[in-house]
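Enquirer: Listed in order, the protein sequences are those of chains V and L.
All residue numbers for the first sequence refer to this note's numbering, where the first residue is 33 and numbers rise by one.
All residue numbers for the second sequence refer to this note's numbering, where the first residue is 338 and numbers rise by one.
Honestly, the hints are just simulated from the structure, not real lab data.
None of the values given here were measured: they were computed from a predicted structure.
Every residue, glycine too, gets a C-beta built ideally from N, C-alpha and C.
Heads up, a few of these hints could be off.
Under the rule of at most 25 Å between Cα atoms (straight-line distance), these lysine-lysine pairs were calculated in the BS3-like manner [as the list claims (entries may be wrong)]:
1) K344(V) with K355(V)
2) K94(V) with K747(L)
3) K180(V) with K301(V)
4) K668(L) with K98(V)
5) K331(V) with K388(L)
To be clear about the criterion: a stretch of chain L counts as covered by chain V if any three or more of its residues have a C-beta under 8 Å from a C-beta of chain V, and this derived list gives those stretches [unchecked claim]:
6) 628 to 641
7) 704 to 716
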Amino acid sequence: MLKQVVRLLMAALYVSIPYAATAAERVVDPVASWNKHFKTWAVVSIVVYLVVTIPLIYFVFKYKRKRKDENGAYIVGNTAIEILWTVVPMIIIIMLGAQSWAVFNDLRDVPKDHIEVKAVGFMYGFEMYSPEGIKTINELRVPVGNVKVNLTSKDVIHDFALPAFRTREDMVPGENTYLWFAAKEPGEYPVYCAEYCGAGHSQMLAKVIVMKQDDYDAWVKKQKGDSEMASLTPETKGKDLVERLGCLGCHSITGETKAGPALNGIIGKSEELEDGTKVAIDEAFVKEKIADPKAKPIKGFGHMMPPNMLAKEEYEAIAAYLKTTK
Amino acid sequence: MTTQPAGFKSWLFTTDHKKIGVMYLVTSLVFFVVGLLLATIMRVEQLDMTKTVVIGANLYNTAFTIHGAAMVLFWMIPVLLGFFANYMIPLMIGAHDVAFPRLNALSYWLYVGAGLIAVMGLVLPGRLDIGWTGYPPYSITGPANIAFYAFAVHLLGASSISAAVNFITTIITLRAPGMTWGRLNLTVWGLFGAFIIQLVGVPVLAAAVTLLLFDKYLGTSFYNGFKGGSPILYEHLFWFYGHPAVYVVALPVFGIVSDIISTFSRKRVYGYTSMVIAIMMITLVGFETWVHHMYVAGTLNWTRVLFMWGTIAIGVPTGIKTFNWLATLHKGSIELNTPMLHALGFISLFTIGGVTGIANGLLGFDIQVHDTHWVVAHFHYVLAISMSMLCLGGVYYWFPKFTGKMYNEKLGKTAFWITLVGAMIAFLPQFYLGYNGIPRRYWKLPVEFAPAMKIAAIFSFITIAGFLMTLYNLVHSAIKGEKAPANPWNSLSLEWQIPSPPPFYNFEKIPTITDGPYEYGKPANTNVSVKRTPSLQGK
Chain V
33 MLKQVVRLLM AALYVSIPYA ATAAERVVDP VASWNKHFKT WAVVSIVVYL VVTIPLIYFV
93 FKYKRKRKDE NGAYIVGNTA IEILWTVVPM IIIIMLGAQS WAVFNDLRDV PKDHIEVKAV
153 GFMYGFEMYS PEGIKTINEL RVPVGNVKVN LTSKDVIHDF ALPAFRTRED MVPGENTYLW
213 FAAKEPGEYP VYCAEYCGAG HSQMLAKVIV MKQDDYDAWV KKQKGDSEMA SLTPETKGKD
273 LVERLGCLGC HSITGETKAG PALNGIIGKS EELEDGTKVA IDEAFVKEKI ADPKAKPIKG
333 FGHMMPPNML AKEEYEAIAA YLKTTK
Chain L
338 MTTQPAGFKS WLFTTDHKKI GVMYLVTSLV FFVVGLLLAT IMRVEQLDMT KTVVIGANLY
398 NTAFTIHGAA MVLFWMIPVL LGFFANYMIP LMIGAHDVAF PRLNALSYWL YVGAGLIAVM
458 GLVLPGRLDI GWTGYPPYSI TGPANIAFYA FAVHLLGASS ISAAVNFITT IITLRAPGMT
518 WGRLNLTVWG LFGAFIIQLV GVPVLAAAVT LLLFDKYLGT SFYNGFKGGS PILYEHLFWF
578 YGHPAVYVVA LPVFGIVSDI ISTFSRKRVY GYTSMVIAIM MITLVGFETW VHHMYVAGTL
638 NWTRVLFMWG TIAIGVPTGI KTFNWLATLH KGSIELNTPM LHALGFISLF TIGGVTGIAN
698 GLLGFDIQVH DTHWVVAHFH YVLAISMSML CLGGVYYWFP KFTGKMYNEK LGKTAFWITL
758 VGAMIAFLPQ FYLGYNGIPR RYWKLPVEFA PAMKIAAIFS FITIAGFLMT LYNLVHSAIK
818 GEKAPANPWN SLSLEWQIPS PPPFYNFEKI PTITDGPYEY GKPANTNVSV KRTPSLQGK
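Using the sequences plus the hints, can you model the full thing?
Expert: Here is the structure:
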């Protein structure tokens, strides 16, 4: 009932607005319509700013106090002028609002011809799933075309911000949200987490890689076959995993302490655990730690790292790679 | 007339609205300085985007949490609703004190208690790193001890609610004979609107953080999306008060601007009635805006559209106020001293914040800049810097009244220009970052934006230096300033018609009011206002 009333009200508002025609039109490119909206806003804003500041400065000089006991003119107000500067801003705001509504519709109404992918936020990174079910970390590969991204989160609220396509939406644990974008040019586009999520927030970065359809098909084939991965050395494979799994969001390989300890040269080091015992870090410890990080927390760091389920060779590859870092 | 009690105990156990007001001012200025220091640390940290400069990510997160809380909850709201309301409302409406003086003292001490808990949240283990918004699930699952957060909000909420009850009652019932609603200072009107918002909004915030506390320590799942709750519920409850809280700051500020401009233009406030209507419109429509904080939070599409109209509609009454200020200057007799400069500087900064705020309110526009540095820049122009500046301007304006001393005009003007130049530029680079969609609350930004943030840092240091000069001026003048006359500005407003500083019971006899506070140069004025009788005039 309430919903119907609100809908009715919305419909009434919708038709009564002079710009409703614009809102009803379907512009296919949200980026272009956003850019146009920005320009309209910018022009209006600059005019408003000048309309306020120029008289302000002019009056201050023109009506400077000349005598000590001088009074200003006695003016109570002027209804006509006051109505004027109520109605004109109202019209400007309704026009801007209608344009914005149209842009919003572009940003939220997914065109019929689209592919669907999925992104899941975690502390600190993004799991991406292609329509073929290929899982990647912190990079989303899509072919040229319209892409709908279904969003959710594993732990806390994150956000999938895609400035190049003028869109973003929160990733809410236990709920499903979405956004869409029109991928036109092949290339790499940055993704940011734009909802504060803790120590690794500013390192929660990813990218969308738009590929030509042929390249994308080849990539899918390669991933399915996974033929190339087998021929790689464990060290190279380990490096690839560390980068792909998002480890570098919290662990540096340059020696700097981020949300977690630095990884370079960690094998062979000795660290103190939270319960006070000292451990010498060896390959076995590293493997155990990746699988179940909360079992033996190292002193001075939080308990933020999520557990991982990797294949046996993958644990070994990471350990092998870490041994090579200095 | 009763003599004024003196000594330390007279402050500790006072129920005098003027002493409580001054204590509010001093306490809130301490938090202002804390906020400025944290701002300095964060700006220094962002001078280099490749490595740690002074603090790591965890401490940075605590810094922006306490910076936000200190500035909004412990500086701006208390200085306006604590100091200005306490000190000025009884003087402006012609009353001996507030309606409930002991409740008033309780409000102050609850505020001090809340402040102490907030400071503990900064220094004790389990530091608050949840942002001043404290969104779950991070606030629940993260390392922060949110009991500090919840109890600080509870105490502060109790303080705010009792203050709101107190002052709404005071304004309604204790106006002197002849002080009609149409003769109230706009400062009183602004505060009246702000207290209504406090009364309606704060209980909801208290409920929101109580559920947060239950979720964390009692194992309930109001905000747990995996167990049938929803984190978005918290966002709704929080912003139901969290956004109108902005108008709690803005409305009294608007009132003070009107008073200052009228006094120093020696001219009636243009369109007094429309000013009052605008204040009340903002009070009302302010509760139909909160979802704009959740434009990308996964809320339903139609709710976003509905709240966009509410949000941008606020631009209309705000515009009315701005144009009325300009019209007040028109054909006035303008004296550019320190308080007036602060009021005009406020308008110029506030307008930048206003137009960029319309951008944030515009749904389609906002999606690109939501939770980016654009927002940071916007609210620092519209709220943080402009309104802090105006609060200090208001302190300058009434400084002779509440201290009985004159401030240093030259230092005041110098400090103003330093603050203004810094403030004008300090946040412009962040609009550029926001336009590019770079998120806020990032410890380190992408390196290509490092130069922009360096410019921002340098000018924010200038702003902070200006603020500190102002504070020095106020403290120094309060101790060593020259003696002030009762009415140095020749204002017609009631609070200036009594000696400076005011006597213990303000008015020996409750005055009878025969005219409004802004009637400068009223032609053929045969009404002899009590405010203009020589016995009440200063020299």
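Enquirer: If a hint holds in the structure, say so; if it does not, say that too.
Expert: Hints versus structure:
A C-alpha spacing of about 17 Å is found between K344(V) and K355(V), which places the hinted pair at or below 25 Å, so the restraint holds. With a C-alpha separation of about 23 Å, the suggested pairing of K94(V) with K747(L) holds against the 25 Å cut-off. At roughly 46 Å between alpha-carbon atoms, K180(V) and K301(V) are farther apart than 25 Å, so this suggested pair is violated. In summary, the hint linking K668(L) to K98(V) is supported, as the alpha carbons are separated by about 12 Å, within the 25 Å threshold.
For the hint linking K331(V) to K388(L), the alpha-carbon distance of about 22 Å falls within 25 Å, and the restraint holds. Using a Cβ-Cβ cut-off of 8 Å, 6 residues of the segment 628 to 641 of chain L lie near chain V, which meets the minimum of three, so the contact claim holds. Counting residues of the segment 704 to 716 of chain L whose beta-carbon sits less than 8 Å from any beta-carbon of chain V gives 5, enough to reach three: the coverage restraint holds.
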